[in-house]
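Peer 1: Chains as they are written, first to last, in our numbering: chain F, 1 to 109; chain X, 1 to 662; chain U, 1 to 129.
Simulated from the structure, these hints should not be mistaken for lab results. Treat the hints with care, as some may be off.
What the hints assert, rightly or not - Selected chain X positions facing chain U (in silico; Cβ < 10 Å):
hint: 1; residue: W233
hint: 2; residue: Y351
hint: 3; residue: L361
hint: 4; residue: Y369
hint: 5; residue: W627
Claimed, not checked - Cβ pair distances, simulated, as ranges:
hint: 6; chain 1: X; residue 1: A321; chain 2: U; residue 2: L24; range: 30 to 38 Å
hint: 7; chain 1: X; residue 1: N389; chain 2: U; residue 2: R97; range: 23 to 31 Å
hint: 8; chain 1: F; residue 1: R91; chain 2: X; residue 2: T337; range: 38 to 46 Å
hint: 9; chain 1: X; residue 1: T520; chain 2: U; residue 2: G77; range: 38 to 46 Å
We treat Cβ as the ideally placed atom computed from N, Cα and C, and that holds for glycine.
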Amino acid sequence: MTAALVVGAVLAVACVVLVALPFLREPAARDDRLTSPDELEQRRLSLAEERDRALATLKELEFDHRTGKVSDDDYRRLVGPLRQQAAQALRALDLRAEQAADERVPTRG
Amino acid sequence: MADLGRAALVTAFLLLVYALVAGSLAAWQKRRRLAESAQNALLAAFGATLIASAVLLAALARHDFSFQYVADHTSHELPLGYTLTAFWGGQEGSLLLWLLVLTGYSVAAVLTGRRAGREVLAWVVPTLGLVGTFFAMLLVFVASPFATQAAAADGAGLNPSLQNPYMAIHPPMLYLGYVGLTVPFAFAMGALLARRTDERWIVATRRWTLAAWAFLGVGQLLGAHWAYVEIGWGGFYAWDPVENAALMPWLAATAFLHSVMIQEKRGMLKVWNVLLVVLAFCLSIFGTFLTRSGIIQSIHSFTQSSIGPWFLGFICLITAASLALIFVRLPLLRSKTRLESLVSREATFLYNNLLLVALALTILWGVVYPILSQAVTGEAATVSKPYYNFFLHTFGLPLLLLMGIGPLVAWRRASLRALGRTFLWPLGAAVIAGIALLAAGAGSSRIGVVAYTFSVFVLASIALEFARGTAARKALGGVGWGGAFSSLVARNRRRYGGYVVHASVVLLAIGVTGASAYQTVHEARLKPGQSMSVAGDRLVFRGYETKTESNHRAIRALVDVYRGNDYLGRYKPGKNQYFAEDQVSNEVSIRHDWLTGGDLFLIADQVNANGSIDLKALQKPLVNLLWLAGIVFIGGSLIALWPDAREARRLAERYADGVVRI
Amino acid sequence: MARRGSPARLIVALSVAAVLAVFLLYTSIAGGGTPSLRPSQLTGHTGRVSLMGQVVGKPTGDAHGAGLRFQLRDVKGHTTVPVIYKGSVPDLFRTGRDVVVDGHLRNGAFVAVPGTLVTKCPSKYSPKT
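Bound conformation, chain F alone:
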C-alpha cells in the first residue's frame, strides 16, 4: 500500500514539474514569441518546394524515358518546358535569397 502511495506521490510531483519546466527554466523569457515563418519565409518555403518538385519531375521523366514508359517524342516534347520550369524555380529561389540577405537579418541564429 505504501509503495503505491509513494509511486503516486512521485508521479504527481514529476508531472507538475514536467509541465512547469519551461517556466522554471526561463522565469523571465526574453523572447516568448512562438516563431512562425513570416511572409518571406513562407514564400521561400513554397519556392523551395516548387524547385524540389520540378527537379524531381525532371528526374522521374528521365527515368521513365530510360525505362521506356515515355517515348522519345514525348520526352523531347516534355523535357524542354520542364527544364524551363526548374530553371525558373531555381532562379526565383536565388532571387528571394538575395532579396532577403539585403533586406533583413536572419531570423534565428
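Place chains X and U on chain F using the hints.
Peer 2: Then chains X and U, alone, in the frame of chain F:
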C-alpha cells in the same frame, strides 16, 4: 493498488485537458513557453498512462481477483500468456490500451514533429490532447478498469476461442493502426489551424500514415487467420460489422496514401487529401464505436452499453469541427496545377481513390443500414454477403486492374503509343493466362477467371517495372545485375516498396479468389469405416478418441485421407469441452498442401451419441497465399518505411528552420 | 493560370453519379436488406427474414438429420416461436443463448435456411473489441 491506477488515470486526464486548453491558448497567442509546457503535458500523460497500465498488468499477473476486471476476464487455470493479454480482452482494458498507444504515439509525434514547423506542432498538441481527453474521460468516469470488489475465489476465465496466439496479438496490432491514424489527422488539423499551405505536414506524417496503415492491415490479416483456424467455419471473413469496422478506415487510409503522392508531386488535390485524412480518422473512431456500443447486431458486439452515446457524440464533434475548419480554410487550399490528362498517373491515382472511397462508403452503408431502416421504417433490416460481394467485385476488380496500370503510366500525360508498348507484355501474359485458366476448367467461376487474369496482368507489370528499372540502372554503368537491383531499390524505396506491397495485395486477391470462388464443400454423416470424398480426396472415418486435459476434455474424430492410392495422413477434427467455462469449442483440422497452396479443411460438425460423425470437408485452393501475402506485405512496407539518408538531408535543407540560405 | 474547370472535377462528378447508379440498380434488383425481427414481430411477414431471440426450453432433434427443433423467445418479452433448423450448429448454441437465424414463417413455425444459425458471444465474456 487500484487506487494508484485510478489516480494515475485521473492524472492523465488532467494532463490531457491541460494539453488541450493550454496548448490551444499557446498556439493562438503564440506563446512559446506555454506551448512547450503543453507538449510536456503530453509526455507526462504518457507516463501516467504507463503507470496505470503497469498496475493493471501487475494485478493480472498476480491473479488479483479483487479487481473486477481481472475477475471478469481471467481465472487461475488460464496460462500466463493469456492472463497478461487479457489486459485488452475487455472493454475497460482495451480502452486503456487505446489510451496508452495514443499517448505513446503523441510523445513520438511531438518529439519528431519539429520538421512540420513549430507553429503547426503548436496546434498538433491540443488536437492530440482533445482525442486523448476523450479516452481518458471514458476511463475515469465511464468505464474504469480499476473497479474493485470483494476478492472472488476464482475468475470467470477467458472465452476459450480467444485463447489463441493470433487473437492475443490481434488487438494491439489493430490499435497501432487505428490509433496511428490520429497522428496524420492531428498534423492535418495543425497545418490548417496554423494556416500553412505547404506540404510540410504531409512530409512529416508520411511514415506515420504508412506505418499505421501497415499495422491495420496486418491486424486484419491476423484476425482473419484466427477466424479461419479457431472459429473454423471454413471461411476467414464474414462481413461482420466488427470486421468491416477495421476494413473501412484501412480503405480510406489506402486512398490517402496514394493521394498524398499526387499532392507531393503535382501540388494538387489538397482539399481531397485533408478530407480523406479526416474520413480515415473518423472511420477509425466509428469503427471502435461499432464494436463497443452494441448498436449494430453483431456476433461480437458487447450488449447495449452506456459507452455508445459518448462515442457518437465525440464522432459528431470531430466531424463537425474538422469540416468547419476545412471550409474556413478553403481559400488556402486552392492548388495551382490541374489534371492535364485523363490518361496519366495522377488520373489513375484519382480513379483508384474514387474506387477505394466508393467501396468504403458502400460497406459503411451496409453497416449502418439496420439503424437507418429501423429509424425510417421501424423495422431493422440487415444486408448480407451478396450485397458486400457484389460491391467488392464491382469496385475491387477494377482496383486490381489499376494496380497494374498505374505503374506503367507516366505522370502528367501518357501518350497512347507509349502505353501500348509498355502494356504489351503484361497484357500478353494475362491473355495467355486467361486462356490457360479456361482450358484448365476455371471457367466455372467467371469472376474467378477475371480476378486471376487481372492478377497475372498486375504481377507481370510489377515484374516488368523491376526488370526495366534494373536494366536502366545497369546501363548507367559501374554495377552488375545484383548491384543494379539493390541500388535501384535503395534509391527509390517508396516506389519499389510500394510495388512489393502491390504484389502482396495481388497474392491476397489470388488467395481469396481461389478459396471462395473455387472451393468445394461436402458434408456427410459417417459411421466408423465409412468414407466420403471431396474434390478428389477420399476421407475415411475411423472412430473417436477422447483425452482429458487440465482444463478441458478433447474429443477427436480420426479421419484418414487418401488421394488415389496415396495415404496422405490421419487428421483429427473434433471438439473441446472446457470445464470452468462450461463451453464447447470447435477444433478444426487442416491439411496444408504445400505444393498447390490449398487446404483440406475438416470440421467435426456434430459428434453423435451413436458413434457416428457429421463431417464437413472443404477443399480451399490457394488459401495459403493469403498468409504468404501478409508476409510479403510486411516486407514491402518495411522497404517503403526504411529511412533514406539522402532524402532526410534534402528535407533538412529545405525546411531549415528560419534560416534564410543564400 | 486561367481557372478553367479541371477535368478532375468532372471525373469526380461522373464517378459519383456512376457509383450511385450502380448502387441504385443493385438495390432495386436485389432488393433492400433482410428484415431483422423478434418473434413478436413475425406475424405477417412471409418472405425471408432474420429472426433474433433467446433459446428457451430444451432443443430436440438432429440438425444433420430430420432437423433441430427449439423455441425462440423475445430477448425481452414472452412471445415464442418454434424453429426447425438444419445445418451446422455453432458450438456456443444452448438454452439461454441469444441467436440469429434466417428463414421463413410457415404454418406457425419458423423454417430456417440451412446453415444460417449464428450465436452471439455471451456478454459474460465480453469478447474482443
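Peer 1: Indicate, hint by hint, whether the structure satisfies it.
Peer 2: A quick look at each hint next to the structure:
At about 7 Å, the closest approach between the beta carbon of W233 (chain X) and any beta carbon in chain U falls short of 10 Å, and the interface hint on this residue holds. A hinted interface residue such as Y351 (chain X) counts as satisfied when its beta carbon comes closer than 10 Å to some beta carbon of chain U; here the least separation is about 8 Å, so the hint holds. For the restraint placing L361 (chain X) at the interface with chain U, the shortest Cβ-Cβ distance is roughly 8 Å, inside the 10 Å limit, so the hint holds. Because the beta carbon of Y369 (chain X) sits about 5 Å from the nearest beta carbon in chain U, less than 10 Å, this interface hint is met.
Violation of the interface hint for W627 (chain X) is found here, the shortest Cβ-Cβ separation to chain U being roughly 20 Å, above the 10 Å cut-off. Judged by the Cβ atoms, the range 30 to 38 Å given for A321 (chain X) and L24 (chain U) holds: they are separated by roughly 33 Å. In this structure the supplied range 23 to 31 Å holds for N389 (chain X) paired with R97 (chain U), their Cβ-Cβ distance being about 28 Å. R91 (chain F) and T337 (chain X) have their C-beta atoms about 20 Å apart, which leaves the hinted 38 to 46 Å range violated.
Evaluation of the 38 to 46 Å hint for T520 (chain X) and G77 (chain U) yields a pass: the beta carbon distance comes to about 43 Å.
Hint check: violations occur at hints 5 and 8; the rest are consistent with the structure.
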